[in-house]
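Colleague: Single-letter residue listing:
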Amino acid sequence: MLLLQEAAVHATSAAAGQAGESFAAFAPWLILALPLLGFVLNGLLSITAARRALPALPPVGDPHWDAHHEPSEQEHHAHGDDAHPAAHADDHGAHGHDAHGHGPKPATHTLPSFIAPGVLIAAFAVAVVNFLRMLAAHPETAWVHEYWSWMPVNDPTGALRVGAAIQLDQLSMLMTLVITGVGSLIHVFSVGYMKEDPGYPRYMAYLNLFVFFMLTLVLGASYPLMFVGWEGVGLCSYLLIGFWFKERANADAGKKAFIVNRIGDFGFLIAMFLLFANLGTLNFAEVMERAPAQMAFGGAVVTAVCLFFFLGAAGKSAQIPLYVWLPDAMAGPTPVSALIHAATMVTAGVYLVARSATLFTMAPVASLVVALVGTATAIFAASIGLKQWDIKKILAYSTVSQLGFMFAAVGMGAYVAGVFHLMTHAFFKACLFLGSGAVIHAMHEALHHTHSDMDAQDVRNMGGLRRYLPVTFWTMGIATLAIAGVPPFAGFFSKDEITGAAWDGAHGQLPLAAGLAKVGIDGTLWFGLIWGALSIAAFMTAFYMGRMMIYTFFGQNRTGEEERKHLHEGSWTLTLPLVVLALASTFGGFLNVEREVPIVRWFDFGQGEALHRWLHPVLAGADQVAEANGIAGAAVEPSAVPIAVAILLGLGGLALAWTMLSRRALRTAAEEPAYANGVERVLYHKYYVDELYDRVVVRTVGWLSRLQAGFDRYVVDGLVDFGGKMSEWLGVALGRFQTGQVNTYAFAILIGVTLVLYAFVHT
Amino acid sequence: MDFLKHLYEGPGILTFLIAFPLLGALAAWLVGDRSARATALVVGIVELLVSVPLFFTFDPTGTCPQSVIGRQNEGLPFAFSQLTVPFQNCTDAPWFADWGIHFRIGLDGISLFMVLLTTLLLPLMVLGSWTYIRDRQRTFYAMLLALTAGVVGVFVALDMFVFYVFWELVLIPMYFLIGVWGGKERVYAAVKFFLYTAAGSLLMLVAILYVYFRVHSVTGMSSFSYFDFMNPLAAFSAREEALLFLAFALAFAVKVPIFPFHTWLPHAHVQAPTAGSVILAGVLLKMGTYGFIRFAVPFFPDAAHAPGAVKWAMVLGVIGIIYAAMVAAVQPNAKKLVAYTSVAHLGFVILGIFAYNLIGLQGALMVMIGHGLSTPMLFFLLGMLYERRHSYEIEDFGGLAASIPVFATMLVFAAMASIGLPGTSGFVSEFLVLLGTFKTHPYVALLASTGVIFAAYYMLPMVQKVAFNALRSPANRDIPDLDRRELAILLPLVVLILWIGIYPKPFLDRMEPAALRLLATQSTRLAPPMQPMGDVAAAAPNP
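If you read the sequences in order, they're chains A and B.
Going left to right, the first sequence walks through residues 1 to 763 as our numbering numbers them.
Going left to right, the second sequence walks through residues 1 to 543 as our numbering numbers them.
Isolated chain A, as found in the complex (with noise of 0.2 Å):
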């Protein structure tokens, strides 16, 4: 991540100096075919493993390996209720405690901790040679390169052009280097975190996966090829969020995951259709190219299409109203949550909204949706997050919250902002998980020690943690400043450049407010109260984590006294990861500092803002909309009242964490009474809305569908039935004429020779 800092520094030479020479891309695929690789090899070592873990039918099998497929030890008692403990009896007697790491482990249980993190760190190299050229060449258009045609349908009214291509901008190297660099970082960790796990190899297999499709996801050089990667990384998720299936609430959570999602692809989807029926591509350099001559600035389909990608971004990063999968994915392995459910996939939405920068500034009214949707996402999840217990769900609804702090800036059109954002949000939260997950570790094994049924992830159980796990303590503490806003950390750089714009906007100096007043919206006011909400919701986080903090680190120590001997830091697998990431969170905010801000004069950083120079080629089409509708902002005028605002509201937060629980004895989580106050209940109860969709929602469409299935077995069913029936009656009916008696046939021959007659008398 240093690398990256010191290379924007040159970015600012490279801007300054002419686009000199082009840039020549290095093998670009290799960045997708290396996780890719490590997803086949992973794989065909869990087939491997997991076969040979089956019981004698016929009798292969391991001596050394005689584990079921039983959740991991870490985790294992975090999701409290068990469920079958039958199913578990067995598990401890064959794998206790005290079975790890006697004899050797098989080699399919060893290798994947040398191919998942290297395929990673070899993709990172790869990804860090094309951003070195890319750093010298500061090409001013995007690198797109087609590998082969994907879907071609050569219809004469319009034809489709999708091709399997690369496409390598400086948005997209970003992004690559945030996924390859945190995804190395965590991938280390999962080797500490995971390899006792029986299901070791399968959960290196997905991960490597994932990141392969992640990479898709950015390095796609077109709508459906994104879309590719898009629901790529939601199977992963899917699978990852499930990957100790045998509980039920997890593999329920990863089903909920998907379907939620799914609901958001549905927007992508018709999103794509829009764009290909109006502008005839779905290629990103095509429409961005087309869009502003073929679509009406603040018109239905513009707006509709941004709308729908909405939808879409909305599913993908956690957005009310499709927010309530994240917190339960929570039941994924941890370093799963910090790679997938904070740093990289649910920062997908964001990227898309960046990527069709052009699209979203033609559209006001759609951006101004994102804006307050983001805001209203940001304060609603902190507020959830001031009264839960589970340090993995306040991390959870704080990425909620700070995703929609992304969204607030990428809505109000500063792009750079919430990209600036969601990196170091990478940093820091990526950090912050991997510390939850070192202190689960270190809780989970002591509690093992003792059998103990206590909660491993509940804070109110832990308590004084700093002076058994120094290290996580630190970085996590790190983190929590960036987090919290505080400068000079990395969150304080970015979130004061998002309530710094709604500032901005709120006096009328954004394009956007230019946009709105175009299409008639007075947007100050808007910005106004976004500006507000998302100090409110900045101030909440900064008191929620102080909160965890406290309750974790801080304070007596809450384990019990036999467990407390056994609480110590992990192997360097887990701490370096926690280490690098502290690091870039204290640092990675100078990447992007604005010039007004003091700290920059007394460090002098040259002319700072370097992310937005890096970023400008990529932008330079939503400028070129601004300024061809008139709207390319006021000249802004610096302020000091946002900054000031945002260093007091982190601080505060913070302070007031400390004055109100650092004293108080704190309790454990079987002593702690239940929230007796009614809004204490409804925040810890998530304001009841997983309840209300349940009621709304979910059982509506199961009672319709199982209405329908009676409908289908009954009527229309029923009536083929009925159908079939009908002609046997009739069948046995006429066969009564068939009596076998000659003068019942004879009666009938006369009538009908008697008709015939008539008829023929009278024609």
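If you are wondering where the hints come from, they were derived from the structure by calculation, not from laboratory data.
Hints are not guaranteed to be accurate.
Taking lysine to aspartate or glutamate pairs in the DMTMM-like style, the calculated list, with each CA pair at most 25 Å apart, reads [stated by the list, open to error]:
1) B:K336 x A:D252
2) A:K393 x A:E691
3) A:K393 x A:E569
4) A:K725 x B:E185
For chain A, the structure is supplied; the task is to place chain B on it using the hints.
Modeller: For chain B alone, coordinates are given in the frame of chain A:
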């Protein structure tokens, strides 16, 4: 090499693909129960190996001289050249020549993939029945092979009489497959299947004869040739054409099946043995959509393009997609669930056909292929499960990922292919259908796109209840994982599903000229007032 090239450009290859399974059926029956399955396997593999080079030798723009296909009169719709017809490997042998019935067969980009899908599934079905079928094996395999021959015949027939014969020929072996080797309510299901589809077919027979006699009366020539049926001299009144179209459409709608004619399908699927379900979902249903594409729409373009007809097709297609998905979601029987998903998938095909543009039609054809891979895979998997546990009830399972991990992996893969995850054939095909439909009917496409949500809604709970959750029942604990034979069935499907998902171009390229020609034929044959049908841009929302 020259010999091979000659063989695959010549006419005999299609006849071989029909006749060989028929001979194989006879052989399987003659060799007796002991070696029937081995015989059938050999026949299936040879059939597949013989058919595969067709994919490579196929020339998307290939034609046959008209003389070969036996057309005597002039006055073709001009989208077909005067001297050639856009089919290859054509055969024309007089059969009941006095009545104009010839054994006319030929291959184009649309039939190519249907034939290949059939020949691919044949050996897989034999392998899938390997241990499943224990009674009356020689009859079973004879029926299976005869069925395959009939299906191949349906897809290559270029003579309406021959087509009808093959169409009905398919019914009989299928009837026995369900009725003899099926589950508890097999007789009910088989009779329902037979009567329902036969009743539809009879309407089509009447319509075929009507057109035949009309062409005879205006040209004085007796011919059942596919091309003569599009003779512009046989001008029908609007009412005639509407009724004729309806007769064809009903026959095909029952076969597809389109809501509300679908209720025979769940019964047939649940009761049929694995191989029966596989061929039913894999290719038999596609006979219906193929009928729409090849016959109903090109024969009666005015009726098929009438706003009312298009509207009804779209509405029924969308109802199929959403309604069937919701009904599927609450089925306690896994096989029934998958059966209903077929109705939903085929709804997409109907949308693609009636969108009347190339993207939609190509998408519809791709759905036909993709669904022909993913749904058979699901049925194979359920069959494998049935052989282990003798149940299709979802509630009987759970936690299978722990006891039979390879099976669970395959199940998850097949489910993802079925719900159209990008990277699998399902995505490419449904994406194209919806994209094409959106251009002409945006609101229909909007509704149909909710299918992606409902697909997850019906498929994931089933996967979870079967593969995930706790491994509670001891009966699910001690069952063997997939063996080599079973992997040999599934892996070809996996490879093809991924291939089409990642690189569908070879498929799209081969079917494109044929699909374009069909669309062009329709628009040239449309009555003048209907001409601006190709003007789809007008329907798209304008900025």
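Colleague: Evaluate each hint against the coordinates.
Modeller: Here's how the hints hold up against the structure:
1. For the hint pairing B:K336 with A:D252, the CA-to-CA distance comes to about 23 Å; that is within 25 Å, so the pair holds.
2. Between the alpha carbons of A:K393 and A:E691 the distance comes to roughly 17 Å, so the proposed pair stays at or under 25 Å and holds.
3. A C-alpha spacing of about 23 Å is found between A:K393 and A:E569, which places the hinted pair at or below 25 Å, so the restraint holds.
4. At roughly 17 Å between alpha-carbon atoms, A:K725 and B:E185 fall within 25 Å of each other, so this suggested pair holds.
Consistency note: the structure conflicts with none of the earlier hints.
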